[in-house]
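Enquirer: So you can see what is in the structure, the chains are spelled out below.
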Amino acid sequence: MVESVEAWGLPVALDLFFAGLGAGSFCFAVLASRKKGDAFETSARGAAIFTPLSLGFGLTMLILDLMYKTRFWFTLVVFNIDSPMSFGVWLLTIFALISVVHALFFVPEPLWAKIPLIGRWTLPRQAAYRRSLGLLGIPFALAVSVYTGVLLSVSSLPLWRNIALPGLFCFSALATGFAAAGLIALRIARTDMMEQPILWLRRGYQILLPVYLLFTLLFALFAYSYAPWNDVRHLIAGRMGVVWWAGVLGLGILLPLVLVVGRGQMNRIKISVALYALLLGGFLLRMVLIFAGQASV
Amino acid sequence: MRKCSFCVQRVDTGKAPACVAKCPTEALTYYPDGKTPDVRAYGKAERLHMVYALQSLPGDYRLPEPVPLNTVRAFQVWKWLGGLLPGALVLAWLWRRLGPQEGIDG
Numbered sequence: 001m002v003e004s005v006e007a008w009g010l011p012v013a014l015d016l017f018f019a020g021l022g023a024g025s026f027c028f029a030v031l032a033s034r035k036k037g038d039a040f041e042t043s044a045r046g047a048a049i050f051t052p053l054s055l056g057f058g059l060t061m062l063i064l065d066l067m068y069k070t071r072f073w074f075t076l077v078v079f080n081i082d083s084p085m086s087f088g089v090w091l092l093t094i095f096a097l098i099s100v101v102h103a104l105f106f107v108p109e110p111l112w113a114k115i116p117l118i119g120r121w122t123l124p125r126q127a128a129y130r131r132s133l134g135l136l137g138i139p140f141a142l143a144v145s146v147y148t149g150v151l152l153s154v155s156s157l158p159l160w161r162n163i164a165l166p167g168l169f170c171f172s173a174l175a176t177g178f179a180a181a182g183l184i185a186l187r188i189a190r191t192d193m194m195e196q197p198i199l200w201l202r203r204g205y206q207i208l209l210p211v212y213l214l215f216t217l218l219f220a221l222f223a224y225s226y227a228p229w230n231d232v233r234h235l236i237a238g239r240m241g242v243v244w245w246a247g248v249l250g251l252g253i254l255l256p257l258v259l260v261v262g263r264g265q266m267n268r269i270k271i272s273v274a275l276y277a278l279l280l281g282g283f284l285l286r287m288v289l290i291f292a293g294q295a296s297v
Numbered sequence: 001m002r003k004c005s006f007c008v009q010r011v012d013t014g015k016a017p018a019c020v021a022k023c024p025t026e027a028l029t030y031y032p033d034g035k036t037p038d039v040r041a042y043g044k045a046e047r048l049h050m051v052y053a054l055q056s057l058p059g060d061y062r063l064p065e066p067v068p069l070n071t072v073r074a075f076q077v078w079k080w081l082g083g084l085l086p087g088a089l090v091l092a093w094l095w096r097r098l099g100p101q102e103g104i105d106g
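Going down the list, the protein sequences come from chains H and C. Heads up: the first sequence begins at 1 in this note's numbering, then just goes up one per residue. Heads up: the second sequence begins at 1 in this note's numbering, then just goes up one per residue.
For reference, chain C alone in the conformation it holds in the complex (with noise of 0.2 Å):
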């Protein structure tokens, strides 16, 4: 077994390591000074377990736009609220209605 030597030989003589330069779909890419371009982190902040580094637009990329943090938490409570407030009231009238002391007419 071989391991990788991050092609020393190659990188001392300026040019791209073997696996970036033969890449067919150029999914890989190197930077010598290892300053990378104005890339943005994506996934982070919306907690994907996974960030991506986008030189563009996350519409380019076909990933949904970035939605910040504060905004979930508050969507959720919407979604609390809109469950838990009907309930409550139905459960209360059912409460009233089918009291101990309610006849029973059919």
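Isolated chain H, as found in the complex (with noise of 0.2 Å):
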């Protein structure tokens, strides 16, 4: 018997996603804090705080996916511009340093005075802060979502090599990572509060998931023309294939597109089911995406 010999595995799935939820919860704060109200508020801090966490979650396991771990920084002596690696992880670092700062001004105001000097220099201010440093961050979260497609998309195996995979990852990280954030808002904020920020992610959603579903048929359109059936079949039949038309499509994306999207009623359970099977569709996305892509090799 053969062995499949994997050269990614979990924890460049779970690097693709991690990177992928911050830029997507990057954006909802950004978005959130440009809002009125103190639901909104606690939104976007909890959407700020959440992003360096998840960054630095995923840039860990991309050193743990090196055979030579400690020798991570050789990446950061270099620059190619040819190599999306490089320049990949070069986007990553400054996107992360740039969310921590952001973050740091997300700091309740009670405990940002307390810091010496800085804290109460800067506190008159904190929100320009926070708006500039949104605003040079929203192009760096953009190609840090579409980074993680572009990784796979200059491949030479073939369900990789589409050209709608960055795309794909791009909506499916600005997807995943407002669920995290929506998610985060319904623990940290109070209930009743939360009746205008739901909404408000419904309308965001409205335009977001059905993109998001058009990129997932245009990926699967191009890789059935493009890509040879050897390579297709192992995204599309067989066990990978349950959990690509089961996971990636029906949990993933239908079933929010259906609970979030129509006229009906929007209530707190609803939103939080859309938003569970939302990530959980989205990991199993870069999940599939690595192991069947690697399958026919």
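Derived from the structure by calculation, the hints contain no laboratory data. The reader is advised that the hints may include incorrect statements.
As the list claims (entries may be wrong) - Cβ pair distances, simulated, as ranges:
1. H/L280 - C/V39: 52 to 60 Å
2. H/M85 - C/R10: 46 to 54 Å
3. H/A237 - C/W95: 39 to 47 Å
4. H/N80 - C/S56: 28 to 36 Å
5. C/W95 - H/V273: 25 to 33 Å
6. C/L63 - H/N80: 50 to 58 Å
What the hints assert, rightly or not - Output of the computed footprint for chain H on chain C, the stretches with three or more beta carbons under 8 Å from beta carbons of chain H:
7. 77-83
8. 87-99
Virtual Cβ for every residue (Gly too), placed ideally from N, Cα, C.
Assembly of the complex is requested from the two constituent chains, each provided in isolation within its own frame, with the hints serving as guidance.
Expert: Here it is in structure tokens:
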């Protein structure tokens, strides 16, 4: 029996997922902090503080995937524009630094004022700093979410060599990042205040989810048109086929689409189920693509 | 331990080195005058970290046809744009739709 040799496994899938999650929740934080009201501020705060944690976890997974883990800094002394891996490490590093400073400005005011020197000096302009850091970070968030797709897309594996993959991962990152931020907001904000943010989040998903679905279908279409059947069958048939159809499409896109985008009443339970389904589906998308892409090597 | 002497005794008498002569799959070839026939270096421009000396077309060795480097780079740019353009459009749309003045009617 021939053993399949997987160069990339769970750590890479986790890195792609959590880097995307961080990018999405950063965008959520920036968008939510433009709205007035305590509930939106709490939601933005949760998302802003979650972002660097998620990115940090993703970067840790990237280091764990290396054979020589202590040599990770080698990537930080070179820059190769032709290598999405080099480019991506730099993007992730810069974005992670921006997100840390961005999150610091979301530390509650009484706590922030206690920080010697800079605390009292920056307090009156805290909101302005948040805004400029948010605007600075948005292009990086977008680039990081796209990079996770480009990384696979420039390889020679037929299933990954797909022009729709960067867009698919970008929208999956936004959808799952919003979901994580939404779930955090539902936990930390007072229940009776969350009515407006839930409706606001739904307005966002009314755009995001159809586009996400469109890119999933485009990905499948390009894979079916250009990749050899021997590669495509690993994705749409067999054990991984079940994960693709039921997990990624059914649970991860169609269920949230039905629950959130329809005109019906919105409530806490419905949106929580949709957000959990989005998160799980987004992770399964990375997993199934990583493993199905390498299955026929 | 004995080091390889490049079979100096055999080569001096006009024979190929023993490793070349005895290899059952003819993996090695010996050219006495040091001049190799017309071979193609494959893998350097493709950045494969390994260079193959091919005596015929890459397809005969089940290797993919070489892709010129500038094509690789142009292709990468398309991959980036394929994600960045729709992503930026949707973000701009969300920026408007979820803006501070927009009413929330559900």
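Enquirer: Work down the list of hints and note, for each, if the structure agrees.
Expert: Comparing the hints with the structure gives:
{"no.": "1", "hint": "H/L280 - C/V39: 52 to 60 Å", "verdict": "53 Å, holds"}
{"no.": "2", "hint": "H/M85 - C/R10: 46 to 54 Å", "verdict": "47 Å, holds"}
{"no.": "3", "hint": "H/A237 - C/W95: 39 to 47 Å", "verdict": "40 Å, holds"}
{"no.": "4", "hint": "H/N80 - C/S56: 28 to 36 Å", "verdict": "32 Å, holds"}
{"no.": "5", "hint": "C/W95 - H/V273: 25 to 33 Å", "verdict": "28 Å, holds"}
{"no.": "6", "hint": "C/L63 - H/N80: 50 to 58 Å", "verdict": "24 Å, violated"}
{"no.": "7", "hint": "77-83", "verdict": "holds (count 5)"}
{"no.": "8", "hint": "87-99", "verdict": "holds (count 10)"}
Hint 6 alone, counting from the list given before, is not met by this structure.
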